[in-house]
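Engineer: Use the sequences and the hints to build the structure in full.
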Amino acid sequence: MDESLFDQSQGNRANKVCSLEEAIGHVQAGDSVHLLCSHTRWSAAARALIRKWWGQDPEWTLVMLSLSSLGTLFFRGGLVSKVVTGYSGDVFPNFSPNPRFGTAYLSGEVQVEHWSFLSFAQRMEAAARGLSAITTHSLAGSSMEANQGYATVDTPFGTVGMLQAYAPDIAFVHGAIADAAGNIAFHPPMLEGVWGALAAKRGVVATVERIVDDIRPWAHLVRIPAHQVLAVAECPLGAHPGGLYGRFTSAEPYGEDLQFWSQVREVSRQDDAAFDEWINKWVLEPADQTEYLELLGSERISRLRQRAQSDSWKAEAASMPPDLDSPANDWERAAIFGARTLADRLVATQADTVLAGAGVANLATWLGAEMARERGAPTVLTAELGLLGYEPTLADPFVFNHRAFPSATMLADSDWVLGAMIPGPNTSCVACLGAAQVDAAGNINSTVIPGKVFLVGSGGGNDVATTADEVVIVTTLSAKRTVSQVPYITSPGDRVTRIATELGVFRRRETANGEAGSSRTLFELIAVASGMEATIRERLGWDLVIADDCVELEPPTAQELQRLRGWDPQGFFLRP
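For the sequence shown, our numbering begins at -11 and goes up steadily by one.
Be aware that a few hints might be false.
Claimed, not checked - Mimicking BS3-like on lysine-lysine, the simulated pairs with C-alpha atoms at most 27 Å apart in a straight line are: (1) K468 / K440; (2) K70 / K440; (3) K468 / K269; (4) K70 / K189; (5) K70 / K40; (6) K40 / K269.
Simulated from the structure, these hints should not be mistaken for laboratory data.
Structural biologist: Dropping the structure here:
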């Protein structure tokens, strides 16, 4: 190649490199602002944006796939009037509702549009492709069918779900590296992908770990071209408290700061004065990324660099041996009974893949997959983040654990996992999902109990529940969780075949004609913990039907508890 021609083409491109403060100057009041979520999760640009506009009421529409605890900063600063999202809740140390989201949504102070992870990205995919709409498997049979951007349409090819295209005004991304022209390269896995960035009407504001002179050695990792980029700012550790996985480019990786994530979760639950004190220290007072890193300190940064090493989990596991003496608690029994149930289904179906929901359902899936493979099943783990064929590590129960990424046979994004592989005709998939509420038809509610409490939203649950070959639910049995009919359907129950709890396991049944007393009871008890039948009958939100072949559940074994607690020795999910 004639390098002079390349130099000439580059010389004709504008230099997009600027300070972070200059970069965020592209945002205007009233904008629809998209913060892209890959495995990095957060960005220094989001923090700078909050700092610049704090208290000025710009009435943004915040478009963000997953609002973690840090998303509450936009609410406390009075920066948003509307949110478009797939998840509004805490992520670390466990997946849980955050009262600041719930208060704003239920009061109407902030409007919210709930979408599934896949449909959220697909709408922006349509816009990026110049389409007015795009087809989807998701949302059918859920309460999200009522969203204005969704419709079912009769076509010559059958009835299809359609999503209206959506383009934000401006998008913020954090990449690994970029050149001065603004070509942005990313490390996988990518979660939502870059459709929102490609669809953004005015363009992209990017932060990256490093600016490089020539990006061609990493051309295969460039996902956003220079002409779509408004500005790029170099921000080392720009995803903190998120991390950067892998050595795919010259950018140096670092692990997620779980201590920081936990801290912001806790302080966001305190009164406004305590939260404001934290915000001042970590968001408003550091003038730029250099000052922010000085506040973090070199020792903490060094630990995060070390955490990015693929074998760093070994030292953590050695320092946190699981408690093997205490008896199984309710969540552990639910996880173990769910794992056994899931293993039976994986063996019976010889499923290619199994996809886990978050929290306890995730741990049940890991254990169930191990059990099934010991019995000859070919099943591999997959995750909506964009993983296929991965294996978990000890001492880290999170589905987004970066130390598990090196074991994966494929690193992609949620569009590939949720939109192509799972619904694809050549892939058999059993899913294991949790449920804040589940009803007699197997419908799951993880979004809202209207007028009472906001939960978290769909995440990828709706996408999985509508396309997996079958679904196993793992939850605890209580009057609040098992209800006759959920008030909001996040994920339809059509494909749910089993519901596993700490007290018993239910199987989908065929309802006999004329069975009036149980006409809405679609599940029958097939396994029960010793002496728990009366408790189940008391707590269950629908008529209890006991199968003729119902058996007694064997108590959790020491080996099963050891595996579960080895993954979650601190009890983030396996809480008493």
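Engineer: Hint by hint, say whether it matches the structure.
Structural biologist: Each hint tested on the structure:
Distance check on the hinted pair: K468 and K440 sit about 13 Å apart at the alpha-carbon level, within 27 Å; holds. Distance check on the hinted pair: K70 and K440 sit about 20 Å apart at the alpha-carbon level, within 27 Å; holds. A hinted pair counts as satisfied when its Cα atoms are at most 27 Å apart, and K468 with K269 does not qualify at roughly 39 Å. A threshold of 27 Å between alpha carbons decides the hint, and for K70 with K189 the separation of about 18 Å falls inside it, so the pair holds.
About 19 Å separates the Cα atoms of K70 and K40, which keeps this hinted pair within 27 Å; it holds. Taking the CA atoms of K40 and K269, the gap is about 15 Å. The hint holds against a cut of 27 Å.
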